[in-house]
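Q: Line by line, the protein sequences are chains V and Y. Positions 1 to 423 (the working numbering) are the ones given, in order, by the first sequence. Positions 1001 to 1498 (the working numbering) are the ones given, in order, by the second sequence.
If you're looking for bench data, these hints aren't it; they were derived computationally from the structure. None of the values given here were measured: they were computed from a predicted structure. Please note: incorrect hints may appear among the correct ones.
[Unchecked claim] Subject to a maximum C-alpha distance of 25 Å in a straight line, what follows is the list of computed SDA-like cross-link-like pairs (lysine to any residue): (1) V:K380 - V:K136; (2) V:K274 - V:K304; (3) V:K211 - V:S222; (4) Y:K1298 - V:S223; (5) V:K240 - V:S194; (6) V:K211 - Y:G1140; (7) Y:K1298 - V:S194; (8) V:K192 - Y:G1140; (9) V:K274 - V:N288; (10) V:K403 - Y:E1364.
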Amino acid sequence: MFTEEKKNSQIFQDSNHLSPTSELEVSELIKEAYKKKFPIDIHGSNSKKFIGYNVQAAKSLDFLSLSGVIEYLPEELYIKVKPGTLIKDIENILEKNNQELSFEPTDFGYLKDGKSNKGTAGGCVSCNFAGSRRFKVGSVRDFILGFRGINGKGDIIKSGGTVVKNVTGYDLSKLVSGSFGTLVALTEVTFKISAKKPSQNTIIIYEKDPKTISVLFNMVLSSSNEISGAVFVPDEPKSKKFTPNKSKAFKLNDLDQEGAFFAFRIEGDQNSIKERIKDISNEMDLKNYKTSNLDIYQSDLFWKSINSLQLFSETKNNLLRAVVPPSKCEKMMSFLKNKYRYFIDWSGALFWIEVPGDQNIKEVKNTIIQNDGYVTIIKKSEDFEFTEKLFTIDDTKLMISKKIKESFDPRGLFNPGKMYKDF
Amino acid sequence: MSEIALPKVDRTIVSKKDLIVNNLKQFTDKKNVLSELDEIRPYETDALAAYKNLPLAVVLPENTQEVSEILKFCHRENIKVIPRGAGTGLSGGALPLNDAILLGLGKFNKILDIDFHNKCVVTQPGVTNLSITHAVKHKGYYYAPDPSSQLACSIGGNVAENSGGVHSLKYGTTTNNILGVEMVMMDGTICRIGGKTLDQEGYDLLGLICGSEGLLGVITEVTVKILKNPQTVKAALIGFPTIEDGGNCVTDIISNGITPAGMEIMDKALIDATEKFVHAGYPMDAEVLMIVELDGTKSEVEELFKQIKQIAEKNKSNSFKLSKNEKERLGFWSGRKAAFPACGAMAPDYYCMDGTIPRGKLSEILKEISRLSKKYNLGVANGFHAGDGNLHPLILFDGSNKEELRRTEEFGAEILKACVRMGGALSGEHGIGIEKRELMCEAFNDNDIQQQINIKMSLDEKNLLNPGKVYPILRKCAEEGRVHVHRGEEKFPDLPRF
């Protein structure tokens, strides 16, 4: 045994919480785990730890010490980082070159403890939760050009690279995105990055009729004006079960916090924004609505609030994330009206729904599934009954997923039970 | 070059041909099972026509249930299956095997649902790429990925190869433009992945299937996203005196935060060849010609072209021509789209390569190709999807000269190795197939390849679905492959290739 291996083996024996600093160290530790059949809880900064089932593992492996930018080439539109690198640090670096992660990583920090925390690069990829531009630019998985990582046997593997067009073997970057650390322990991730648009405006339409909102969402999706965000925030239900948050979450000079509103975002240079707003005003017949316009600064704050779920800040209730076909938006709204606090993102395709602990979560889940959608229970109330599955999946896909899991992690060591009880 | 290692033929299966054919006739109409030589001959190759091999039989099922029954039977009887779409693939992904059933999806040719509300089209896999756009264009929509063969290539094949095209710089490739598939696994299991929602639950199986080259399942239905046509589309032709200047301009445009809908580069050899062929009006004093296309609002397109003109001038451009109307824009593209036939007119044979490099390495790879051209004493014309670093060098040679053929093969392999060395990839959009199979070890080590094979074996434990493709059989870096076109006798000579 090499000295380094010996050392790692000793560390593995002595400690339950491991914080490796190099890819090789991760590989050696996992080889040890494979040999000794120890399950491992793989995580980053724990900003999204509450999502999914609790992992029962002998060892905990955090990636915070494996952090830093490996390579950033602004002209090549990619940044290669170690998994423990904080998303906020990546965004700050990109900002200096007027670049960004245009998939807008969802910030779960407010939900957890009332303050921003976007977590790490590895966590962002593993959870695959994209923000408001999703319907226009794609999800996190569409921005991962390649990765390196360790499989369940301790082997270092890689897939993809740094170029956008790449058809060389299976696209494992996609598979790893949203796998909640159950397939690979990431050691390196390459993000495709984008130029930041010079300006943005957001138009607010004060409207709440489900049919009208559904029509407005459809107009957004049908427009050639490249709208990069469209949300609907209804009135908060008048129930003590919900702590009022809306006024605080959207406290902006040009936004009337009373009542429901629909909002959409236009990005580009100022002339282009003006031209688009004029065109959209005709398309949507905006003169028939009460509207207001958020300038670049307010618009920026508005979408930060949306993408950090500030409406549900520190809620003790259950929070569900439902993805549905946009055509089902109206039906969903009619069902949720006045009963649940929610808002709609992705121009009618994503619902965030707050369900109090004593209310029937099954009824909400069934409605989503009946509307051809799927649902993930993101945050669980204290009295959550674990008979409800956190991730929906049909039996065939579960069977395929299980086989794929085994191909990466034959002994089922990585985050066992995190997504599904079976593996 | 037409010799390639293929999986060992199972003589027991071959000896049971009549029995197998009769069995297949139980699962679909008798006329859908072809076994006579003259019937199966058209299926002996795809668009990588240098490689030919006859299948045991061809079966052309008409619905998902039939596909499932056929696969279940083949799984039970250990019969290999080669799925095939329109057969326009350039990497030999649909090359038959003597002991395998060729499963053609040609009868899956209907669009099932045009859903304008959910901005998607549900279609059978045999429908051609372009006919999806044709089905929605009356309402101002289109399907974004536009491989050059879009007139004939099927959407199922696009999913298998993760096809791109000229506009993937802004709009992505197939993987970014599909919402769901129905797929049949090798054991006959029917599986629906995704649907009309933007994301799907659980592991991203859609991302895994897209670009898996028919190794994991047979696609029987695809749901694609459709987009609204942009308000304004304009293109510019920009000439440069040197390769470096053109390459630097590509990088500078992207660095300035501009994302063109398409950005192409042609070298002098290709400019000359295409100009002779279609008279597109290209500037003949340019060493490098760039076609840049922008879309968006009128003012945005105008403003960005002003910026691009300044960036081009800074990079010593010697001509700049902006399209005045749609006819002129299409005229700019006509030369680029005629690149393959134009090269066919220049030499008895050409090989088309497909690799990618980081954008910043454009001039470096062009210089390397030029050096290799001298080393091997062979002509080459270069066309690039420059915006996303995808290059298609066309090596000109005479296939009747064995020694020249050998040099061409070495030349091609050296280009792809250089791509990998410069941080790029072996294939941008044609796939690996059999063409670049043995070169995979240039880009991946044993662990990487083994993990991929483990996935394959987890879903197809008997390795019956499209065996011998993508992963090296020899596990050594043999130098073979590329699209071989002899005296213009391309498998699909009428398709524009670019």
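Q: For each hint, tell me whether it holds in the structure or not.
A: Hints and how they fare:
no.	hint	result
1	V:K380 - V:K136	violated, 30 Å
2	V:K274 - V:K304	holds, 22 Å
3	V:K211 - V:S222	holds, 16 Å
4	Y:K1298 - V:S223	holds, 15 Å
5	V:K240 - V:S194	violated, 43 Å
6	V:K211 - Y:G1140	holds, 24 Å
7	Y:K1298 - V:S194	holds, 22 Å
8	V:K192 - Y:G1140	violated, 30 Å
9	V:K274 - V:N288	holds, 19 Å
10	V:K403 - Y:E1364	violated, 43 Å
When held up to the earlier numbered hints, the structure conflicts with 1, 5, 8, 10 and fits the remainder.
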